[in-house]
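Peer 1: Sequence:
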Amino acid sequence: TEDLPVMESTIEYLINEMSASQPFPLLERTLDYGDNDYPSKWDTCIRGEGLGPELVKDFRVKAHNSVQLPPGFGADLGVVLTRPPGVVGEPGFLYAFTRPGFTSDSNQALIYVEARAPTDGWGMHYLLERAGAHWKVVRVFCKG
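6 is the number of the first residue of the sequence shown in our numbering; add one for each residue after it.
Take these hints with a grain of salt, some might be off.
[To be verified] With beta-carbon atoms standing in for the labels, derived distance ranges:
| # | residue 1 | residue 2 | range |
| --- | --- | --- | --- |
| 1 | 77 | 7 | 14 to 20 Å |
| 2 | 109 | 139 | 16 to 22 Å |
| 3 | 110 | 24 | 31 to 37 Å |
| 4 | 136 | 109 | 16 to 22 Å |
| 5 | 53 | 85 | 35 to 41 Å |
| 6 | 147 | 24 | 17 to 23 Å |
| 7 | 26 | 112 | 26 to 32 Å |
[To be verified] Mimicking EDC-like on lysine to aspartate or glutamate, the simulated pairs with C-alpha atoms at most 20 Å apart in a straight line are:
| # | residue 1 | residue 2 |
| --- | --- | --- |
| 8 | 141 | 17 |
| 9 | 62 | 8 |
| 10 | 62 | 37 |
| 11 | 62 | 110 |
| 12 | 62 | 7 |
| 13 | 141 | 7 |
| 14 | 141 | 81 |
| 15 | 141 | 13 |
| 16 | 141 | 8 |
| 17 | 141 | 22 |
| 18 | 141 | 119 |
| 19 | 141 | 54 |
| 20 | 141 | 110 |
| 21 | 62 | 134 |
Hints are computed from structural coordinates only; laboratory data are not their basis. Where is the CB? At the ideal position from N, CA and C, for every residue including glycine.
Given the sequences, and given the hints that come with them, work out the whole structure.
Peer 2: Next up, the structure:
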């Protein structure tokens, strides 16, 4: 689907720009953005940031629908798909992504990424733009 290239580009960004761990442990299902307090806590990160309403609406719809990632997804990037209990007691982060939302022309995408560790964690939204056949992270929201 069109989701996977956006996810792969975000993984490349995390590995290159944020020195994410290798191998890259990723939940085997996308996050459901409706879990816990995500809508109230994280929507404040993107509110008032000039994102088009169609992008935000598509993101909210797709991010609330968790899907299974295909076997072998991102293997060439060092991705290891895992189940949630895989991080308990282990050092390093376990990453989880929502499905991305898209603008009507499919030239921008918005995705939420969370990194979990036994004693730490973070979550951020990433705005990506299509650059030919690839995607590029152009903005990070709530970067802490």
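Peer 1: Now, for every hint given, state plainly whether the structure supports it.
Peer 2: A quick look at each hint next to the structure:
Distance hint check: the CB atoms of residue 77 and residue 7 are about 18 Å apart, consistent with the given range 14 to 20 Å. Take residue 109 and residue 139: their Cβ atoms lie about 20 Å apart, and the range 16 to 22 Å holds. Separated by about 33 Å at the C-beta atoms, residue 110 and residue 24 satisfy the suggested range of 31 to 37 Å. Between residue 136 and residue 109 the CB atoms are about 19 Å apart, so this pair conforms to the stated range of 16 to 22 Å.
Judged by the Cβ atoms, the range 35 to 41 Å given for residue 53 and residue 85 holds: they are separated by roughly 37 Å. Judged by the Cβ atoms, the range 17 to 23 Å given for residue 147 and residue 24 holds: they are separated by roughly 19 Å. Checked against the given bound of 26 to 32 Å, the beta carbons of residue 26 and residue 112, roughly 31 Å apart, stay inside it. Restraint check for residue 141 and residue 17: the C-alpha separation of about 9 Å stays at or below 20 Å, so the hint holds.
With a C-alpha separation of about 16 Å, the suggested pairing of residue 62 with residue 8 holds against the 20 Å cut-off. Restraint check for residue 62 and residue 37: the C-alpha separation of about 15 Å stays at or below 20 Å, so the hint holds. Note on residue 62 and residue 110: the hinted pairing holds, with a Cα-Cα distance of about 14 Å set against a maximum of 20 Å. The straight-line distance between the Cα atoms of residue 62 and residue 7 is roughly 17 Å, inside the 20 Å bound, and the hint therefore holds.
With a C-alpha separation of about 14 Å, the suggested pairing of residue 141 with residue 7 holds against the 20 Å cut-off. Of the supplied pair hints, the one linking residue 141 and residue 81 holds, its CA atoms being roughly 18 Å apart against a limit of 20 Å. Pair hint residue 141 plus residue 13 holds up; C-alpha atoms about 10 Å apart against a cutoff of 20 Å. This hinted pair checks out: residue 141 and residue 8 have alpha carbons roughly 14 Å apart, not beyond 20 Å.
At most 20 Å may separate the alpha-carbon atoms for a hinted pair to count; residue 141 and residue 22 meet this at roughly 12 Å. Taking the CA atoms of residue 141 and residue 119, the gap is near 19 Å; set against the 20 Å cutoff, the hint holds. This hinted pair checks out: residue 141 and residue 54 have alpha carbons roughly 18 Å apart, not beyond 20 Å. Proposed proximity of residue 141 and residue 110 is supported: the alpha carbons are some 16 Å apart, at most 20 Å.
At roughly 17 Å between alpha-carbon atoms, residue 62 and residue 134 fall within 20 Å of each other, so this suggested pair holds.
The structure is consistent with each of the numbered hints, conforming to all of them.
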